[in-house]
Amino acid sequence: MALYNFTKSNELFQRATKVVPSGISGNKNPAFAVPGSFPYYAERGEGCRYWDVDGNEYIDYLAGYGPIVLGYNDPVVDAAAEAQRKLGAAFNHPTPRAVELAEKLVTMIPLIDWCAFGKNGSDVTAYAVQTAREHTQRRKILKVKGEYHGSQSWSRSGLGGLIDSDFEHVHDFPWNDASAAEDLFRKHDGDVAGIIIAPYHHPAFANQDMPKPGFLADLRRICDKYEAVLILDDVRAGFRLDLRGSHEYFDFKPDLTCYCKAMANGYAISACCGTNLFKPAASRVFFTGTYYTSAVEQAASIACLDELAKTDAVGHMMKMGTMLQKGMKERAEANGLEVTISGPPTLPFMTFANETNFRRSQRFSGEAARRGVLLHPHHNWFIMRAHQPKDIKKTLEVADECFAIVKKEFGG
Amino acid sequence: MLTPLLTRAGLHTPPTVRDRVRAGMHLHAVLGALPHLVRLDEEAAGIARQMGKVNLEFRVFDGPKVILAFEDGRIGLRRDGPSCVGLFFPSCSALNQMFDGGKVTPIPFKNFVGHLKALQLLPKLTDRLTHYLKPPAGALDDLAYRAKHIELSLLVGLAATQDLVEYDPKVLRVARELHDATMEYEVPGGPVAHVRIAHGRIEAGAGHLQDPSTTITIKDLDVALGLLLGTVDTFAANGSGDIRASGNLHIADEFNNLFDRVGLYLK
Ligand SMILES: Cc1ncc(COP(=O)(O)O)c(C=O)c1O
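Taken in sequence, the protein lines are chains R and H. Last residue of the first sequence? That's 412 in our numbering, and every number before it is there in order. Last residue of the second sequence? That's 1267 in our numbering, and every number before it is there in order.
Take these hints with a grain of salt, some might be off.
[What the hints assert, rightly or not] Simulated crosslink set (BS3-like; lysine-lysine; CA at most 25 Å straight-line):
hint, chain 1, residue 1, chain 2, residue 2
1, H, K1065, H, K1134
2, R, K28, H, K1219
3, R, K18, H, K1267
4, H, K1170, R, K187
The set of hints was computed from the structure by calculation and includes no laboratory data.
When you get a sec, could you build the whole thing from the sequences and use the hints?
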């Protein structure tokens, strides 16, 4: 088989660097994956596959960094979106879809009583943080070191454009270390508004880390003790572990929850949800955007959530993910390599056990991409409902070849 | 000890952050390139040899200091330790003015009479460094010169990050969280430089490392020069393969956040 090349991707990227800062900003920049062995621009998608601008076809395990939960171009979701588009996309007012979607989420997620919609995950994590500050009239937010909560300055990714105050009131503690979190409560006595956490630790460039028994319950207890707000950032994992929210999967009770990626199968929408206690504070925070009420995405989300429920998509994705995780481990071992598989089956990740500098991962992912399977070397993977056993089988065949290349080059 | 008293008495204004960072970079990174200069340039090595064995201290009031240890034409760089002769600058901004090309006369101290020759030769040596860091017209056409210019400039830039870690308020906040790592910058067949990051401190050096956490490979001297001059877009170069980053890119990203800031202080 002829290996892929990325001529058009590269040409486009060179054009982009002249007219767009950094060419492609953020985590979609080529530098985050394997430049030269990864596509930079996509053309179209179908099911669990997409095609890049060079016409290369991939079985995809990145799913647009998460939103594609059913599969590309899902006919049911697209039909619902199209029906709404014909009526109109954006108005002076919300449409009935806004209420219908809020009612749907409140029914689906037993914990919550209300929700507010944004477009991206960052919109709603920032809103949740502001709501916690408003509710408690305190300043400090605690977060887990290395966890990503979005691109807004409060969550301080990188250094560019940040100012001192962005660092002053957000403090880190290590994942799975509730006593470190409590130390911060003592240190900033009476000034901690809340803790924001992901349901499990899913940093880039590291193995995924599940909560230790009792950790999430401890955070709940600490927040109760200090009357602070526990925010669950379920932007990434939401609806891929449990349709009632990932807190049900891990059995704990946050106060505010944030969703985005799997809400609408690729249509731009996010939600911050909460219990009644926090509704007054949430109402006092000025939360809006030109497109926050646009209806096409809301219609898509209603259809997507229905589809997820109707087809037991999570159950199916768990099976496919387990098959992939197990298969990867077996194939690696058969090639004399040791890998660490981490993360839940629907958001798996793989690293090579005897390295920290990702050179084997980059080689593996680059070779896989050039053979039509997209597995990110540094970021967790995503399973979609569209993945079927035959796709996993094909993926494992390609993985086999790539493991052999890694073995040959690195020796173990 | 004295400085806070003077400050309180209104007799001394502490340096601005910018002056403090720049002064540190000038001593630690720019003068820090002298040991590499004598390795790369015969003429500079000759001057250093003539300077004999001397520990020459640069000291800035309420600022950084550095000791250059000359011996047999080689130069060592220390942040502390004994010295036999020194040059004193009354403030960070005075030191910076001198590095910016202004006329500033430092005050010699310790046994300057015994080391007059070394003090007289020092400007010749720093002129040699300037010759490589600020290319005269046409000099870059010469391939050998170009390689040295690139290597020395890169080493200055990398070494300058340490003063950011200590004094730039924004970097201070993230310094504690820097991962221990090693990073290598390589132009195949040309200059190789590296940094070691350990316990929030950064040390720059020349040459290869064993199994670095991250490697940045720059295709050739033209690309490297373009990067230094700002005529090559880093992102475009990354996409096209003119620069290849491999290894732990998270570390590369972390470090580049610092490296990018050097340009705010040093031209
Ligand atoms: C856990 C988590 N929170 C927040 C965000 C930010 O979401 P967005 O990129 O949609 O703003 C992300 C995005 O990857 C995420 O994974």
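Is it true that the CA of H:K1065 sits at most 25 Å from the CA of H:K1134? Holds - the C-alpha atoms of H:K1134 and H:K1065 are around 24 Å apart, at most 25 Å.
Does H:K1267 lie within 25 Å of R:K18 when you go C-alpha to C-alpha? Holds, at about 24 Å.
For H:K1170 and R:K187, compute the direct alpha-carbon distance and say whether it is at most 25 Å. 22 Å, holds
For the pair we were handed, R:K28 and H:K1219, check the Cα-Cα distance against 25 Å. 23 Å, holds
The structure meets every hint from the earlier list without exception.
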